[in-house]
Amino acid sequence: MAAGVNKLPWWAESILLPVLNLLAAFLVSGLVIWSLGEDPFMALSLLIEGAFGFEEAISYTFYYSTNFIFTGLAVSMAFHAGHFNIGGEGQAMLGGLGLTLAVFLFGDFSPLLSVFMAIIASAAFGALWAFIPAYLQAKRGSHIVITTIMFNFIASALLAYLLVGPMQRPGGQMPESADFPEGSSLMGIHDVLSVVGIPFEEGPMNLSLLIALVCAVGVWFLLWRTRFGFELRTVGQNPNAARFAGVSVPRMTIYALMLSGGLAGMMGLNELMGEQHRLMGNFTLGYGFVGIAVAFMGRNHPVGIVLAAVLFGALYQGGAELAFEMPNITRDLIVMIQGLVILFAGAMEHMFRKPVTKIFERFSAGSAA
Amino acid sequence: MTKALAIETRDLSKRFGEVRANDRISMQIASGSVHGIVGENGAGKSTLLKMLFGLYTPDDGEILVDGESIKFADPAAAMAKGVGMVHQHFMLVEPFTVLENIILGAEGSRNLDEAKDAARVVLLELEKKFGFNLPLDEPVENLAVGVRQRAEILKALYKGAETLILDEPTAVLTPQECDQLFALVELLKGQGKTVLFVTHKLHEIMAVTDDVTVIRAGKVVATRKTTETSAEELAELMVGAKVVREVAREKHKEHKLRLALKSVSCTNDQKQTALKAISLEVYDGEVLGIAGVAGNGQTELLEVITGLRDVSAGSIEMSDVIVNAHGVSTDPISLRCMGMAHVAEDRLKTGVVESMSARDNIMLGYQREPDFSKHGILKLKDIAAKADEYFESQDVRPRNPSLPIGSFSGGNQQKIVIAREIARNPQLMVIGQPTRGVDIGAVTKIHDQITELRNAGKALLVVSADLDELLAISDRIAVMCEGEVIGVMPVEEADERTLGLMMAGQRLDQTANAGSV
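Top to bottom, those sequences are chains A and B.
Quick note on numbering: our numbering labels position 253 of the first sequence as 253, and the sequence is numbered without any gaps.
Convert by adding 369 to the 1-based position in the second sequence; the result is the number in our numbering.
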């Protein structure tokens with residue numbers, strides 16, 4: 001009667017299936033590359049070389065990964081409460097706005113204070129931006145998928161307005177703010193390493209990677225080691241049982257979505273305080289959306305999300321190198337490969353589930369006999 | 370009258386886990402007759418129908434249609450053999466017109482207009498033959514329920530049904546619509562169709578059927594010619610002979626009023642009235658059983674008592690404190706702190722989180738208690754120890770609390786739930802369907818536990834669809850019908866037949882008369 005409950009061992013569920021999905025994506029990508037007259041194996045080795053082959057590449061890979069850890073965690077936090085937060089993009093934009101305001105407000109007093117306040121502000125603004133759709137979902141039943149998507153557009157328009165209006169760089173023509181005050185930035189990892197005497201080539205990887213990893217541990221602890229997390233997961237898996245257990249489903253929806261928005265908002269720390277040192281109109285570049293694929297591929301578990309984020313970081317960085325090295329492989333093709341990974345890991349996640357389950361059933365039936 | 374059989378089943382069986390939903394069902398349905406199937410909720414009627422219509426595959430036994438043994442792979446196969454079904458919940462696409470709904474899946478042409486024109490000719494013919502008058506071009510959403518049902522019947526006829534299965538066809542109809550339906554059933558019979566009429570309402574069986582089969586606990590207990598039986602006999606057959614099961618019961622001594630409902634009314638999720646001015650009292654040291662055909666307000670009754678639904682009028686007092694009234698509501702956690710425990714009637718829907726481990730489930734509802742968490746951090750070791758303790762004391766198998774609770778059998782799930790709810794020594798226990806989907810072995814244990822609690826001076830309110838169960842464990846039984854309490858009687862004065870008639874809505878004085886007839 002308990003059909004569908006945990007038919008697969010955990011390792012098949014969490015490792016085998018994602019790996020199969022990934023292999024399928026690479027297989028199709030390989031066929032496309034081969035049809036373009038390039039050697040797929042060569043392309044793969046160039047991609048890996050481009051992502052991990054030298055220190056600067058590693059720095060870029062983990063720089064991109066940092067974004068995906070934040071947005072992937074954001075999606076999974078909402079998912080555990082039974083909701084799809086498609087608004088990571090907009091929440092990240094608002095997070096970026098929040099931290100920009102914080103650094104300009106506190107930057108002249110003390111760099112340390114301004115960095116600290118920027119971290120708080122990025123999370124707070126992201127959370128507040130998620131609060132509105134969350135409230136509408138919890139109290140009015142407006143579907144959160146729709147409202148969070150719409151809020152992406154509103155966030156984008158808001159940022160565009162501010163960056164060609166009140167917040168535009170004085171005398172500038174671009175939709176971007178003035179440079180952040182001196183010192184209001186997150187140190188590069190290479191700087192940190194050089195302090196302790198390890199030489200590492202300069203790159204964009206910065207301390208927000210550590211913040212992201214701390215967040216990953218925090219999300220794990222919150223979801224599986226606290227009462228709040230237990231109640232949150234109960235709401236996600238069976239709202240009736242949650243009500244039975246005395247948990248307010250609307251309230252928990254709001255909390256979960258705000259946590260989700262806060263995590264997405266912190267993405268700006270990496271992009272803006274780690275690398276750009278100014279607020280730009282479109283700095284999120286779709287990372288909020290890729291977070292959905294990252295969360296899916298990582299099975300909504302922080303460990304999986306970090307691994308999936310590294311994979312996507314490598315695809316971004318290695319892909320760029322590959323496009324540079326192979327004349328027939330354009331940037332668009334790299335986007336296509338990323339799309340295939342998203343397609344197989346996200347949209348067609350369950351493609352291999354049935355056959356794999358069947359094989360396992362046969363195997364266990366055979367061993368039982 | 371032809372003696373040919375439209376449908377025959379031989380030793381048809383179906384099990385779900387350890388529950389025998391259908392146990393060697395053999396029945397014969399004469400061609401061109403109206404054959405009734407009666408049984409209580411959970412007796413196995415739906416399972417039987419689903420096998421006849423190809424939705425379930427029988428574990429054992431065979432189905433014969435027109436004397437030919439058939440194995441239906443799916444409903445399409447059943448329809449191809451002339452077996453049509455009108456489900457209790459209609460299978461219609463609301464924004465589509467009647468015509469579109471009828472040809473859905475049997476369009477016969479890629480061009481929708483052609484398909485419609487062709488179908489219209491056939492349908493008008495059918496309508497004339499069976500005296501239908503349906504607005505074929507009206508969207509279904511604009512139609513009354515009775516008309517929708519006719520559309521369903523016409524759909525089945527259009528698809529070539531010779532035998533029509535009507536599953537609880539009157540459940541959603543007004544009395545006038547019921548009369549129209551009965552007339553239609555007569556007409557169908559007159560045109561040589563066979564009708565399988567499934568219901569738990571006895572007067573309908575008496576009104577429309579030629580033969581009737583009574584099902585109880587998955588078995589055929591009797592088949593009668595309708596003219597040779599009576600509603601009283603059927604009621605007795607349906608609920609069965611009283612199982613004499615002596616539960617060691619101490620007479621309760623000094624008793625305190627623990628739970629009082631005073632003229633409580635409430636609405637259901639569809640904003641329809643579900644409870645109408647219900648008054649009930651439960652004292653310490655007694656079990657108050659609530660009987661009734663499912664869907665007569667029992668679910669809402671449990672919900673208003675356990676803090677899951679607000680009352681619209683009246684008040685509920687627990688231990689002399691008003692816990693639910695207009696402007697007053699108490700959440701489930703506070704009620705638990707006051708000493709109320711709740712075993713939810715629908716375990717998988719409400720009582721547990723199926724995908725979570727049994728270990729996680731043992732703290733559901735009690736997660737904020739110091740046993741399980743401190744400063745908001747879960748005490749995993751203590752939780753695991755408690756789970757082991759519950760598993761041991763209740764003899765739950767397999768003895769592995771880290772498995773998802775959904776992978777345990779119904780009986781073992783219920784044991785876990787009951788262990789969770791009695792662990793804090795509650796003063797009032799509210800139990801919905803204590804043994805639904807529970808295997809026989811566990812039933813006895815659960816009943817014994819309920820009696821032990823009663824003997825220990827606790828107050829218990831038990832809602833059950835199983836009359837035998839209520840007769841075995843209750844001190845008093847209240848019968849509900851259409852959101853009202855029809856009557857409350859001490860268990861010594863209750864028997865299945867009286868309760869059965871009360872469940873059908875007859876008040877105590879009327880049932881007394883009926884008894885003397």
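Mixed in with the good hints, there may be bad ones.
[As the list claims (entries may be wrong)] If you only want the chain B side, here are some residues facing chain A, beta carbon under 8 Å, derived:
1) G696
2) D700
3) G720
4) S742
[What the hints assert, rightly or not] Covered by chain B, per the in silico footprint, the following chain A stretches (three or more residues, Cβ under 8 Å):
5) 219-228
6) 233-242
[To be verified] When the alpha-carbon atoms are kept at most 20 Å apart in a straight line, the in silico EDC-like pairs for lysine to aspartate or glutamate are as follows:
7) B:K558 with B:E531
8) A:K139 with B:D700
9) B:K645 with B:E853
10) B:K558 with B:E494
11) B:K588 with B:E761
12) A:K139 with B:D638
13) A:K139 with B:D679
14) B:K645 with B:E686
15) B:K497 with B:E463
Hints were generated in silico from the structure; no laboratory data involved.
Yeah, the Cβ is synthetic: ideal placement off N, Cα and C, and Gly gets one too.
Mind checking the alpha carbons of B:K558 and B:E494 for me, to see if they're no more than 20 Å apart? Holds - the C-alpha atoms of B:E494 and B:K558 are around 18 Å apart, at most 20 Å.
Could you check if B:G696 really has its C-beta closer than 8 Å to a C-beta on chain A? Violated, about 18 Å.
Does the alpha-carbon distance linking B:K558 and B:E531 stay inside the 20 Å limit? holds (10 Å)
B:D700 was flagged as interface toward chain A. Is the shortest Cβ-Cβ separation under 8 Å? holds (5 Å)
Decide if the proposed pair is consistent with the structure: A:K139 and B:D700, CA atoms, cutoff 20 Å inclusive. Measuring from Cα to Cα gives roughly 18 Å; hence the hint holds.
Between B:K588 and B:E761, does the CA-CA distance stay at or below 20 Å? violated (35 Å)
Hint B:S742 vs chain A: min CB-CB distance below 8 Å? holds (4 Å)
Has the given pair, B:K645 with B:E853, been kept, meaning a C-alpha gap of at most 20 Å? Judged against 20 Å, a Cα distance of about 5 Å means the pair holds.
Would you mind confirming whether the straight-line C-alpha gap from B:K645 to B:E686 stays at or under 20 Å? Holds. B:K645 to B:E686 sits at ~17 Å (cutoff 20 Å).
With a Cβ-Cβ cutoff of 8 Å, does the region 233-242 of chain A contain at least three residues near chain B? holds (count 6)
Is the hinted pair A:K139 and B:D638 satisfied, with a Cα-Cα distance of at most 20 Å? holds (16 Å)
Given the hinted pair A:K139 and B:D679, is their Cα-Cα distance within 20 Å? holds (17 Å)
Hint compliance for this structure: hints 1, 11, 15 are broken, all remaining hints hold.
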